[in-house]
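Asker: Based on these hints, arrange chain B on the given structure of chain A.
There are 2 protein chains.
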Amino acid sequence: MPLQPPRTVSELRELQELTGDEHGAQRVAWTETWARAREWLRGKVAELPVEHEVDEAGNQWWTLRGRSERALLLGGHVDSVPNGGWLDGCLNLLAAAEVLRRIAEEGEPPVTVRLVDWADEEGARFGRSLFGSSACSRTMADQDDLRRRVDGDGVALPDALREHGVDLDRATESGRQLESAAAYLELHIEQGPVLESLGLPLGAVIGTFGVERHLITWKGQAAHAGSTPMGERRDALAGAAKLALEIREIARRAGGGAVCTSGGIVTRPGIMTSVVETAEQLLDQRHMEAATLARMLEEARDAAARFAEEERIDVSWDRIWHIGPILFEEELVELADESVREVAGESHRLPSGPLHDAAEVARAGVPTVMLFVQSLRGLSHTKLEDTKPEHIELSVRALDRLASKALDWVAARA
Amino acid sequence: MPLQPPRTVSELRELQELTGDEHGAQRVAWTETWARAREWLRGKVAELPVEHEVDEAGNQWWTLRGRSERALLLGGHVDSVPNGGWLDGCLNLLAAAEVLRRIAEEGEPPVTVRLVDWADEEGARFGRSLFGSSACSRTMADQDDLRRRVDGDGVALPDALREHGVDLDRATESGRQLESAAAYLELHIEQGPVLESLGLPLGAVIGTFGVERHLITWKGQAAHAGSTPMGERRDALAGAAKLALEIREIARRAGGGAVCTSGGIVTRPGIMTSVVETAEQLLDQRHMEAATLARMLEEARDAAARFAEEERIDVSWDRIWHIGPILFEEELVELADESVREVAGESHRLPSGPLHDAAEVARAGVPTVMLFVQSLRGLSHTKLEDTKPEHIELSVRALDRLASKALDWVAARA
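If you read the sequences in order, they're chains A and B.
Residue 120 in numbering that gives the first Met the number 0 is what sits at position 121 of the first sequence, and the numbering runs on without skipping anything.
Residue 258 in numbering that gives the first Met the number 0 is what sits at position 259 of the second sequence, and the numbering runs on without skipping anything.
Chain A with its partners taken away, still in its complex shape (with noise of 0.2 Å):
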């Protein structure tokens, strides 16, 4: 049978349906509508010739043995965001799937070729993205940190996971999953509005930015609101929103696409009748230059001293992680853009701001790349994120073009 893109639409449709709600995607790792998603989709290839595993990270792999054990990856992550959208990760499964679908119907492919479902993208329940990937790459470090760390209801990282079978101690052990792997695809939505805007279907991604994590606290003093003059304030909201706007020049002047974000501010004690003691404010910078993006941390550093000192408080920066900017593999991006050309007509090559499992992956060495399909107003982490059915289907066949290209290529460099 012949690759079937309309059945990915169907599927996606189906997966939603299954897991969501009329706010969205409810697909959060470590929950239990996250392990339905995880049973419906081993449902969704049981008829395959492949062997299944869950590894030590709770990433889910399933093995289409080829002639080599040197093996080709595609992946994705069936986890979502809160209220999230119905193509976010889970796109690139069911894409890859199709794709799995038609390779075992051609017979032994002359390189294994794997499938796997990253557990916990998105971080949403514990604040930490790239679970399962990084636990694979050998990149986490911070299991100490995650230990310590509990959801909203007070219930433990360690303990949520457990409850998943995953043992935080013994994540890391799923490195060996990449010992064998040649090369690794992924295809997502854009999650921007880079494609919609040149009015292209797909894109072939070069590489994710570089991130910069930091909660930067602001400490004042707490005084009433009513008896304390202006001049003698110590307001520690005075300096995050100072930051807040200040951070949107530093990007104006980094330029190559550079974002800052303020995502949230904490204020305490927060009441209408007291001056800002302390807030806790996030700060998420990117850039695709390591140089740049140093420069930017180090100009929002500046900011920030200034600040505190024109408000007479003080200031302190925790850095909650960084990565640096990660260059996709030459030869597979040119490859990634053969594809989207032979089913589109024309491609275009663009960084990813967000960052994907691919990314932890290349970083432990495996010749990665991307392919990004168009999101509709660039939305996500949304009900709202959406793209065209039949953009949809030209991302599947492109996948499934750039999986034959890549094999031939994994097996030549044999």
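If you are wondering where the hints come from, they were derived from the structure by calculation, not from laboratory data.
One thing to keep in mind: the hints can contain errors.
The following label-pair restraints were derived from C-beta to C-beta distances [as the list claims (entries may be wrong)]: (1) A:Arg-35 x B:Glu-231: 48 to 56 Å; (2) B:Glu-16 x A:Ala-289: 34 to 42 Å; (3) A:Glu-309 x B:Asp-407: 52 to 60 Å; (4) A:Arg-161 x B:Gly-153: 24 to 32 Å; (5) A:Gly-344 x B:Val-149: 28 to 36 Å.
With a cut-off of at most 30 Å between alpha-carbon atoms, the simulated DSBU-like pairs for lysine-lysine come out as follows [what the hints assert, rightly or not]: (6) B:Lys-43 x B:Lys-382; (7) A:Lys-404 x A:Lys-43; (8) B:Lys-387 x B:Lys-404; (9) B:Lys-382 x A:Lys-218; (10) B:Lys-218 x A:Lys-218; (11) A:Lys-387 x A:Lys-43; (12) B:Lys-404 x B:Lys-43; (13) A:Lys-43 x A:Lys-382; (14) B:Lys-218 x A:Lys-382; (15) B:Lys-218 x A:Lys-387; (16) B:Lys-387 x B:Lys-43; (17) A:Lys-218 x B:Lys-387; (18) A:Lys-404 x A:Lys-382.
Note that the coordinates shown come from a computational prediction; the quantities given were computed from them, not determined experimentally.
Yeah, the Cβ is synthetic: ideal placement off N, Cα and C, and Gly gets one too.
Answerer: Same frame as chain A, but now just chain B:
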């Protein structure tokens, strides 16, 4: 027995011992600790020839009958904010208890003297301050809203009140308590830095600031922090940040001790990887002149509309609460000034930025005045709140002088 001001200091310490912990005072209204403090207070005046009653709003009254039914009221509140100071509210009660002892000792006073412990001045648990005094002054007009309020644990306000014998539907029946009221006196810590900066222990309060309190909701669009170009964002936090800074200019332009405070911002979804979709911002503005206060509010609204346009986001305003400026009775202010000069040599007239139960009593038409005693570093609503013991003792003496003068004043007007 003559007035014993050191007793007030030791009683305040006893109360702090009984109802505070290492984080400060914990006498939040409608809690067990608050009920314990109220019981302790009853014990403190149990030996006086006074009648005790609790009214329909939960206010606690002690009445020392005089030759006339017309009554001089002395008031305070025993409730505190969580992690509050050792003086806010209870200083007034214990100093007034001391004054009541002195008056009772001297035999039947020319007019009736009453001590009142207002219920829930702070509004710490349900966000509605001046509960008991506004019920009593019959300015309480938000019962429908109050019925829907819940605390942080989801307990509804009417249920919490019922546990303390108060029926919300009947609270304003407490208004009859003010029918015989001829004057109201309240001593309070300044909760600000003015007296300390002048090197004065005491001041006479001319009135309370008018207050405008609003909840401002900024609504943008959640978007991925990595994939949404800076120019395409509709960031709700940007509006809130601009306004948090702009209100300081508004206060400066208004002059006359104007204060504007943004006490908190709640950001949603409030995560590292998303542009802020919704920012809920608290705004508190205060001034002694109604026209200036109205202009301050108008300027804030104009600025917010401008920022919403600049950021392509929406903004909406909900008035949480407002009260006009309240001028205290001029002749009582003069008597307060005299009393302060007699015990401290020098006085200073100042407005009160914070609201007090006195404002509600004055709104009900009862001639009212307040005394302020110096606060160290202007701090209040924190365990760091403090006043020198010698200043506390001076304040008891000043309240005693003022009570004597007010007794004569009320008697003369009868």
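Asker: Checking against the hints above, which ones are violated?
Answerer: Hints 1, 2, 5 and 18 are the ones this structure does not satisfy, whereas the remaining hints hold.
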